[in-house]
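Chains A and B, in that order, are what the protein sequence lines are. Residue numbers for the first sequence follow my numbering, beginning at 1 and rising by one. Residue numbers for the second sequence follow my numbering, beginning at 1001 and rising by one.
Please note that a few of the clues may not be correct.
Stated by the list, open to error - The calculated lysine to any residue pairs, modelled on SDA-like cross-linking and capped at a C-alpha distance of 25 Å, are:
hint : chain 1 : residue 1 : chain 2 : residue 2
1    : A       : Lys231    : B       : Leu1158
2    : A       : Lys252    : B       : His1143
3    : A       : Lys252    : B       : Gly1081
4    : A       : Lys231    : B       : Leu1145
5    : B       : Lys1128   : A       : Lys332
6    : A       : Lys332    : A       : Ser181
7    : A       : Lys231    : B       : Ile1080
8    : A       : Lys252    : B       : Gly1157
9    : A       : Lys252    : B       : Glu1064
10   : A       : Lys231    : B       : Tyr1125
11   : A       : Lys252    : B       : Ser1152
12   : A       : Lys252    : B       : Tyr1130
13   : A       : Lys252    : B       : Trp1144
14   : B       : Lys1128   : A       : Thr60
15   : A       : Lys252    : B       : Lys1128
16   : B       : Lys1128   : B       : Ile1141
17   : A       : Lys221    : A       : Asp243
18   : A       : Lys252    : B       : Pro1154
19   : A       : Lys252    : B       : Asp1057
20   : A       : Lys231    : B       : Ser1070
21   : A       : Lys252    : B       : Ala1109
22   : A       : Lys252    : B       : Thr1074
23   : A       : Lys252    : B       : Ile1231
24   : A       : Lys231    : B       : Glu1064
25   : A       : Lys231    : B       : Gly1081
Everything labelled a hint here was simulated from the structure, so no lab data went into it. Everything numeric in this text was worked out from a predicted model, so none of it was measured.
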Amino acid sequence: MLALLGVGLLVTACGTQSGGGESPRGGFTPPDLPALQKLGTPEGALNVLAWPGYAENGATDPSVDWVTPFEQDTGCAVNVRTFGTSDESVTLMRTGDYDVVSASGDASLRLVAAGDVEPVNTKLVPNYADVFEFLKDRPWNSVDGRQYGIPHGWGANLLSYRTDLVRPAPTSWSAVFEPDSPYQGKITAYDSPIYLADGALYLMKHKPELGIRNPYALDDKQFQATVDLLKQQRGMVSEYWSDYLKESQALKNGDAVVGTAWQVTVNLTRSEGSPVDSVLPSEGATGWSDTWMVATESQHKTCAYKWLDYIVSPAANAAVAEYFGESPANRKACDLTTDKAHCDTFHAGDASYAAKIWYWTTPVAQCLDGRTNVRCKDYGEWTRAWTEIKG
Amino acid sequence: MRRGVAAFLNRKPGLRLSILLSAPMAWLGLAYLGALAALFVTAFWHADPFTGTVVTDWSLDNFETLVTDSVYRTITFRTIGIAVAVTLVDVVIAFPMAFHMARFASPRARRVLVIAVLTPLWASYLVKAYAWRTMLSGNGILHWLLAPVGLSSPGYGLTATVITLSYLWLPYMILPVYAGLERLPDSLVDASGDLGARPWRTFRSVILPLTFPAIVAGSIFTFSLSLGDYITVRIVGGASQMLGNVVFDNVGAANNLPFAATVATVPVVIMLGYLAAVRRTGALENL
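Generate coordinates for the entire structure from the input sequences, incorporating the hints supplied.
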């Protein structure tokens, strides 16, 4: 599957040689930007744009802090801004106010195509050597063999539920998609067009006649079926979330009892005494594989590279992976987690498990599953459909 | 020298006025009207669907989507519905309150009441909205209060949005109505009574027509503030969305600034229509 995805994107990446320029049909040629050749002296400041839980400085929980040691080591004062969706990260990155970003696969290529981020010289990031090989040179972090970032970690969007209110424990996404779900009115869903892929993944397994092979490559008929499924789900949804704290609160108060969540939300809610658990459903799941990237216009590139190296260093990578609830990218991080079983739980080095997750990818008109006889729905259409689904 | 300048300005009243007004006019012209113009111009451009960068080709596509896509009509009508409901709820709550403050309360009590009405404005909007989120929650205080009488909290949704917005904008309704009622001469009310009108008749034929412009003035605040709101509905609105959310999502999520600009013209048009209608009632002098 992953190979297919890779082929699809490769086709995408090479697709413009005839058309040239940035055609809205999906293919693109990234602007030719140079990577940094050598580090200077740290500039004293760094603006970090990160998923919540990736750059904790003690503000959420005083005992969770890996930003301060970095500041003390390098003298780069770190200013962290978090975002709730990939789209938000792209918009914020475009302001030019940030030096580094933790981009998921549905944001990274858009940033590369627009020239917002530049290639990364991995020689200047010593810890890159210890990153799992199966995470390097993937379609979402490199284009034509040029690396645009440092892999950070990956994980799945899990089905989370209140163990006291949802019985028996769900094993399938049908708990949130089927019209006769006993939990209607108490379902929560992710507030982003990319959530359509969760619906498509469900249909891929339950409606094989639609022939969906990749939840990010949907032709008209497949797309319509997915939109219908989510419209039907809309009636049962109590809230859409993009702020994980809001979701955590809803789960805690019982306003939502089942829905898609990140492991960090589950951990946080549980730490506040609410009986919440998560499961990787039988259909599999969508997920993320994140990459730290450097802004082209950054004025703090030395600090940025220091951050890239620091955040995938064994200790920091282990801390993030454990706090957020994902697989670390650095193989040495597995020895440093507090819970020694962490890497096993999250299948850290398991390339075959990683291949089962459908990583967030930007849907483009050129079908990512390799089909050439149909046009797939691009992200603009996903976005419009999402507004329509929410009604 | 200084006296010379003063004398010169004294001789040229026009120049004096233009210097005096240049700063506020520049603010109004550039920052306000300029921004509106930029918004309107952007509405005719479109965004590259992949990278989200703005492409400056002129077309009416955005407006076509806005008009032909039924979802935007639904959202527009829902937003207007919420704004109207909030305004009505606020009128119903604010009028008796303002009436009491203006006509019955002692001067001392009046001062206390005005402060009491203003106090909620000192607290942050977000704090108040999140307070309502907690109160309206499935195991919040409303549920606790209503459960004994067999009712339940409305939960998150449109009702919750109307309740929260009504609460947030109430002071903006009370104050103009209070000012309007205070200006109402006692002699007119007395004359109505002397001519044999019962209290209800006096209220209907004297007080209400004379304070109507004040109510309309208050409604401009509650209506326009509700029309543009997108935060409250995100916090307590459950899965529903308003025009402001469509704008926000197109800026923040979809990276489609031009379409956001197109949607943002809708409330502007609605408000222009509303203000045109309001002008006829003479309420603009009560602002």
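Do the hints match the structure? See the list:
1. A:Lys231 with B:Leu1158: At roughly 18 Å apart (the allowed maximum being 25 Å), Leu1158 (chain B) and Lys231 (chain A) satisfy the hint.
2. A:Lys252 with B:His1143: The hint holds at about 16 Å.
3. A:Lys252 with B:Gly1081: Violated: Lys252 (chain A) and Gly1081 (chain B) sit about 32 Å apart, past 25 Å.
4. A:Lys231 with B:Leu1145: Violated, at about 34 Å.
5. B:Lys1128 with A:Lys332: 47 Å, violated
6. A:Lys332 with A:Ser181: Given that 25 Å is the threshold and the Cα spacing comes to 43 Å, the pair is violated.
7. A:Lys231 with B:Ile1080: 23 Å, holds
8. A:Lys252 with B:Gly1157: 19 Å, holds
9. A:Lys252 with B:Glu1064: 43 Å, violated
10. A:Lys231 with B:Tyr1125: Not OK: Lys231 (chain A) and Tyr1125 (chain B) at ~32 Å, beyond 25 Å, violated.
11. A:Lys252 with B:Ser1152: 19 Å, holds
12. A:Lys252 with B:Tyr1130: It holds: about 15 Å lies between the C-alpha atoms, which stays within 25 Å.
13. A:Lys252 with B:Trp1144: 17 Å, holds
14. B:Lys1128 with A:Thr60: At roughly 22 Å apart (the allowed maximum being 25 Å), Thr60 (chain A) and Lys1128 (chain B) satisfy the hint.
15. A:Lys252 with B:Lys1128: At roughly 20 Å apart (the allowed maximum being 25 Å), Lys1128 (chain B) and Lys252 (chain A) satisfy the hint.
16. B:Lys1128 with B:Ile1141: 15 Å, holds
17. A:Lys221 with A:Asp243: 32 Å, violated
18. A:Lys252 with B:Pro1154: 18 Å, holds
19. A:Lys252 with B:Asp1057: Violated, at roughly 48 Å.
20. A:Lys231 with B:Ser1070: Holds, at roughly 14 Å.
21. A:Lys252 with B:Ala1109: Measuring from Cα to Cα gives roughly 43 Å; hence the hint is violated.
22. A:Lys252 with B:Thr1074: At roughly 32 Å apart (the allowed maximum being 25 Å), Thr1074 (chain B) and Lys252 (chain A) break the hint.
23. A:Lys252 with B:Ile1231: Holds, at roughly 22 Å.
24. A:Lys231 with B:Glu1064: Holds, at roughly 23 Å.
25. A:Lys231 with B:Gly1081: 22 Å, holds
Checked against the numbered hints above, the structure breaks hints 3, 4, 5, 6, 9, 10, 17, 19, 21, 22 and satisfies the rest.
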